[in-house]
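Could you build the full structure based on these sequences and the hints that come with them?
These are the residues of each chain, in order.
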Amino acid sequence: MPHIGLRPDLFGITSLLAYRPETAAALCQLTQVLLRGPSSMTEAERELIATYVSQRNDCAFCAAAHGSAVCHLPGGDAAQVEAVRRDTGSAPLSDKMHALLRLAGKVQQGGRAVSADDAAHARAAGASDVEIHDTVLIAALFCLYNRYVDGLAARTPDDPAYYEALGQRITTRGYSMPPNGYQPLHVNGSH
Amino acid sequence: MPYIATPDNIPGIRGLMNVRPDAALALDALVQALLVNESPLTRGERELIASFVSHRNDCTFCKTSHGAIAAHLPGVNQQLVQDVWRDHTAAPISDKLRSLLDIAAKVQQSGRAVTEGDIAAARALGASDLEIHDTVLIAATFCMFNRYVDGLGATTPDTQEFYDLIGRQRAAEGYLTTSVLMKPAP
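Chains A and B, in that order, are what the protein sequence lines are. FYI, the numbering used here numbers position 157 of the first sequence as 157, with every residue one higher than the one before it. FYI, the numbering used here numbers position 69 of the second sequence as 69, with every residue one higher than the one before it.
Don't take every hint at face value.
Here chain B is said to cover these stretches of chain A; the calculated rule only asks that three of the stretch's residues, wherever they fall, bring their Cβ under 8 Å from a Cβ of chain B [said to hold, decoys possible]: (1) 2 to 11; (2) 73 to 82; (3) 94 to 102; (4) 105 to 112; (5) 123 to 135; (6) 141 to 147; (7) 170 to 182.
Listing some non-contacts, in silico: residues in chain B with all C-beta distances to chain A over 10 Å [stated by the list, open to error]: (8) 37; (9) 42; (10) 58; (11) 77; (12) 129; (13) 141; (14) 158; (15) 180.
Because the hints were derived from the structure by calculation, they are not lab data. Ideal placement from N, C-alpha and C gives every residue a C-beta, glycine not left out.
Pasting the structure below:
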């Protein structure tokens, strides 16, 4: 049961964005820029950072939604999502991605947990200043989303088919607010 | 010294935001919608929530900036800001705001730390759904900003004059105008 009155036909972050469109507009704009805007990082890499941080914050909705997005994007697959969940260090990723995930993991703990060495380590592995900037801001953004979703107890479906459909939607339509408002997802199965 | 190169060496968050102007526009719009535009919470109350969460995250730049902004708004002064930092359960604020700060403190730890009991306590003191929503989202948003600022090692000035400059400007103008820290265009 959500802590506040949310539309019963929507779930997770979607139900919160629909509740307060005035703040949702800026959140959607920020997410679209960071995860879909021009970047030297692939969309799958950026979604993997979002997934990793959400896993570490124990936010089931965001971890499943963005994990599904990784699998729908070129260069991403379920093995990466599973690997970063179980043991990030041994995940089959580039040295640069390992260093950026390590940085994101520090950001998840707290801004003060990040040291100049973490940034230097990422740079030595080939990350640019903008990639370091974007990694920190994506990790910080998911520390926002994870708290928003679980802090208001937004409904979190159990059905994997829901996240399959959501991953499809956010990889085809992106994060911009739909002009006619949020509609329930069409899911094969119970939703 | 920030961990990355920032244009013009502007201190605090503004220097970081200048690295990515498209994200900066969205960040400004978010903080304007949350802390300035219409809400059942006063601007002073919202800035106090922002400063309180930043204090709990040990983010000196955000804590002092939003404390200074709050102190420039009606109903708040610098003493009250410090009282809230020190112990919000004893600060001279309304019981409703105290219960909302309790929720914000839980959000600062984790979304999962917020309980039905926290929500019920705020509701019993008159908090509406929208006030609870805005409190959670402001607290969550500052968990982002604090990580952004300290996670990239933003330059954090240590004089109250610096923060008063920001406080005066943002209390008067909101967040959509060019920062006083930016050099005027030639």
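Hint check results:
Under the rule that three or more residues need a Cβ within less than 8 Å of chain B, the assignment of the region 2 to 11 of chain A holds, with 3 such residues. Figure legend: the region 73 to 82 of chain A, annotated as covered by chain B; annotation inconsistent (0 residues with Cβ-Cβ distances under 8 Å, at least 3 required). Counting residues of the region 94 to 102 of chain A whose beta-carbon sits less than 8 Å from any beta-carbon of chain B gives 0, not enough to reach three: the coverage restraint is violated. Restraint check on the region 105 to 112 of chain A versus chain B: 5 residues with Cβ-Cβ distances below 8 Å, three needed, restraint holds.
Only when three residues or more bring their CB closer than 8 Å to a CB of chain B does the claim for the region 123 to 135 of chain A stand; here the count is 5, and the claim holds. For the region 141 to 147 of chain A, the assignment as covered by chain B holds, since 6 residues bring a beta-carbon within under 8 Å of that chain's beta-carbons and 3 suffice. Against chain B, the region 170 to 182 of chain A contributes 0 residues with a C-beta closer than 8 Å to a partner C-beta. That does not satisfy the three-residue criterion, and the hint is violated. In this structure residue 37/B is not separated from chain A by more than 10 Å, as the shortest Cβ-Cβ distance comes to only about 6 Å.
Residue-level check passed: residue 42/B sits 17 Å from the nearest beta carbon of chain A, beyond 10 Å. The Cβ of residue 58/B sits about 6 Å from the closest Cβ of chain A, inside the 10 Å cut-off, so the non-interface label is violated. Distance check for residue 77/B against chain A: the nearest CB is about 28 Å away, which clears 10 Å, and the non-interface claim stands. The non-interface label for residue 129/B is inconsistent with chain A: the shortest C-beta to C-beta separation is roughly 4 Å, within 10 Å.
Here residue 141/B does not stay apart from chain A, with its beta-carbon only about 6 Å from theirs, under the 10 Å limit. At roughly 16 Å from the closest C-beta of chain A, the C-beta of residue 158/B stays outside 10 Å, upholding its exclusion from the interface. Residue 180/B, annotated as away from the interface, keeps every beta carbon of chain A farther than 10 Å; the closest lies near 22 Å.
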